[in-house]
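Quick mapping for you: the protein sequence lines, in order, are chains A and B.
Everything in the first sequence is counted per full-length UniProt numbering, starting at 1 for the first residue and increasing by one.
Everything in the second sequence is counted per full-length UniProt numbering, starting at 1 for the first residue and increasing by one.
Rather than coming from a laboratory, the hints here were simulated on the basis of the structure.
Ideal Cβ placement from N, Cα and C applies to all residues, glycine included.
Check each hint, because a few of them may be wrong.
Unchecked claim - Distance ranges between label pairs, derived from CB positions:
1) E216(A) - E61(B): 27 to 33 Å
2) P95(B) - P227(A): 30 to 36 Å
3) E361(B) - P227(A): 37 to 43 Å
4) C336(B) - A64(A): 55 to 61 Å
5) G215(A) - C65(B): 47 to 53 Å
6) G360(B) - R335(A): 51 to 57 Å
7) E289(A) - L286(B): 27 to 33 Å
8) E361(B) - E219(A): 35 to 41 Å
9) E351(A) - G360(B): 37 to 43 Å
10) A261(B) - E219(A): 35 to 41 Å
11) G283(B) - E346(A): 20 to 26 Å
12) A246(A) - D99(B): 52 to 58 Å
13) E216(A) - L359(B): 51 to 57 Å
14) R335(A) - E40(B): 43 to 49 Å
What the hints assert, rightly or not - Below, a sample of chain B positions facing chain A; criterion: calculated Cβ distance under 7 Å:
15) I196
16) E213
17) A228
Unchecked claim - Quick look at which bits of chain A chain B covers, simulated, 3 or more residues with Cβ under 8 Å:
18) 7 to 13
19) 141 to 153
20) 312 to 322
Protein chains: 2
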Amino acid sequence: MRVRRVAVIGAGHGGQAMAAYLGLLGFRVALYNRSAAPLEPIAAAGGIFLEGEVGGFGPVERVACTIGPELRRYRLVMVVVPATAHRQVARWCAPFLGDGQVVVLHPGRTGGALAFHTALREAGNRADVLVGEAQTLLFASRVTGPARVRIYGFKRQVRAAALPAARNAELLATLREVLPLFTAADSVLETSLDNIGAVFHPAPLLLNAARVESGEPFEYYRQGISPAVARVVEALDAERLAVARALGLRLRSARQWLAEAYGAWGAGLYEAIQANPAYRGIGAPLSVEHRYLDEDVPASLVPMAALGRRLGVPTPVMDGIIHLAGALRGTDYWRCGRSLAEMGLEGMSAEQIQRWVTLGEMDEAMVV
Amino acid sequence: MRVRRVAVIGAGHGGQAMAAYLGLLGFRVALYNRSAAPLEPIAAAGGIFLEGEVGGFGPVERVACTIGPELRRYRLVMVVVPATAHRQVARWCAPFLGDGQVVVLHPGRTGGALAFHTALREAGNRADVLVGEAQTLLFASRVTGPARVRIYGFKRQVRAAALPAARNAELLATLREVLPLFTAADSVLETSLDNIGAVFHPAPLLLNAARVESGEPFEYYRQGISPAVARVVEALDAERLAVARALGLRLRSARQWLAEAYGAWGAGLYEAIQANPAYRGIGAPLSVEHRYLDEDVPASLVPMAALGRRLGVPTPVMDGIIHLAGALRGTDYWRCGRSLAEMGLEGMSAEQIQRWVTLGEMDEAMVV
């Protein structure tokens, strides 16, 4: 059964770009969004104008701010929302997802597929819905006007994994019918922990908080990650790698990632960042009210630290960033962030987690 | 017995100002310092030139970089060194301190007198040496040349406490013979926890790390403590007050302190800092290699957090600052900072700590 129809949930820049691009490729696309505002011009135009790396018009056959039984007709569901909304989207979709549908989070951040799956089950959905997550959003994009979006560039390759990984082939076959740039990750543990945004987003924003609030522009990577800030980022990265190791994964460090993704080498992280021409001119956020804290802390650092705590891996720098960012934003990211319970991993050992994400085997007592 | 001779340990700006001022007042002053460099011009001149709030020449009868039996002749010993050196100074003095001598730390930061007393005992000194600490250094000063120091201004009043507080009258009588601006604090818990530097120094420096390293000058308080940074500082301050409360102390908040010390009022800490004319023009440190981290973290935040942990008071923001500052400076402040053991408080309950610092009563099992 070939994929003909794709539902896209989320009409931010990524969701609009996804809907437009798939429409342009000839798929029948539905676009859902909680608020109607971005949808109205799309409904009026019958689709989305695409510019940049890909130009044209992507028809969208259906736009809606409520999900109904028609979701069942879309074999592939692309979720392109901030990770903090994954559970809510799952609850929203739960009554209408059935056997054979495939849901992919772009991206999952840390534990997105696990949280989505758990929320579906909690909402009473027992259907054979295959949930997976991509390691990153496949393109850089920006909304440039009503019903108009620009794609700056595609990633060369994006890894994705199904939950459980035993069904990776099935997920990838479906996904690649639509977007061939996806390749299989080992499991959602890999896509979840190979989360470079978790390393590069919250810490430098936190350690530049007053400068961001001063309103003076500065370059986020090249000026915001000074030698001292780079040492904190490296300590955080080492904790991420230690959590991954406790789950049997050997991931590359942020510094190795810079070398592989950009050919940017350096004796340390600071030098590697300075050596990366792709970071030139990337400005810092203009406010601390920004997804670098509000998404990356609760949906990346909190679940990583929760895994660390469960597995006996100390994450003091990660914990510190979570608490300081919470104090800075006046919120408790521990409470509102992605917990082991939300990911359906409460009480599991490293081995039980591995068995569940790879083979789908879960001890009876663990089943929600 | 009137005080005639005062030993000053430490020849930084504070120690030189202390020695010069006491010399000018007519006391016979010895000045000790680990390194000989600042002492040589003082030895050559026979004292220190004083300028600023007080002008003149303060004779110094003895300068030395080793301490010997002659220390016994100085009834009052003023320790004016970074708090991270308190234990080392105690070990240095231990063989030469005897009954009736009074040692005062200017200031103790958090747990200075406790740490000094414990180090004396550990070094085998069992004499009746009265150890106390001041809440802050009594003047603002700066070294302006060889054997030359400027006092910018005196605090109106500085609180000090003896260990135990039952001997406050004795300590204050001795101290006030020399410097009448001292008044009695409840106990060293008050001088140790009413530590505003611990609140205002490490967190803003950490949250401005890249800006400090950029070399661009900015005002430490008025620009470095933006609204978001102020929220972190207030969360930290609330933890300090909670630790104090667990020890039976009701201390004023940093915001109340700004109102009392400077008449600077505001709806929140940010507004109070903006309203404080005394903070105008105070530049930020030029490097993260600075006592705001290297002294205030190990000798203020670490002992406060250790007390919190012992007493079941969560200090997640404080812990976070300690860990992030450690990562930033490439050191483990938990390990090198002031522990409960160093303060001689290991295993004590809140009530045992209170009894020890106020009455000098210690359970047999606790005696070093």
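Okay, the hints, checked on the actual structure:
1. E216(A) - E61(B): 27 to 33 Å: violated (53 Å)
2. P95(B) - P227(A): 30 to 36 Å: This hint is violated: roughly 43 Å between Cβ atoms.
3. E361(B) - P227(A): 37 to 43 Å: violated (50 Å)
4. C336(B) - A64(A): 55 to 61 Å: holds (60 Å)
5. G215(A) - C65(B): 47 to 53 Å: At roughly 50 Å between Cβ atoms, C65(B) and G215(A) fall inside 47 to 53 Å, so the hint holds.
6. G360(B) - R335(A): 51 to 57 Å: Violated: the Cβ-Cβ distance is about 44 Å, outside 51 to 57 Å.
7. E289(A) - L286(B): 27 to 33 Å: holds (30 Å)
8. E361(B) - E219(A): 35 to 41 Å: violated (60 Å)
9. E351(A) - G360(B): 37 to 43 Å: Cβ of E351(A) to Cβ of G360(B): about 55 Å, so the range 37 to 43 Å is violated.
10. A261(B) - E219(A): 35 to 41 Å: With Cβ atoms ~39 Å apart, the hint holds.
11. G283(B) - E346(A): 20 to 26 Å: Taking Cβ atoms as reference, G283(B) and E346(A) lie about 50 Å apart, which means the hint is violated.
12. A246(A) - D99(B): 52 to 58 Å: holds (57 Å)
13. E216(A) - L359(B): 51 to 57 Å: Once the Cβ atoms are compared, 55 Å apart, the range 51 to 57 Å for L359(B) and E216(A) holds.
14. R335(A) - E40(B): 43 to 49 Å: violated (59 Å)
15. I196: This interface hint is violated because 18 Å lies over the 7 Å limit.
16. E213: Hint holds; E213(B) Cβ to chain A Cβ min 4 Å, cut 7 Å.
17. A228: OK, holds: A228(B) within 7 Å of chain A, min 5 Å.
18. 7 to 13: violated (count 0)
19. 141 to 153: violated (count 0)
20. 312 to 322: Held - the segment 312 to 322 of chain A has 6 residues with a Cβ nearer than 8 Å to chain B, which meets the minimum of three.
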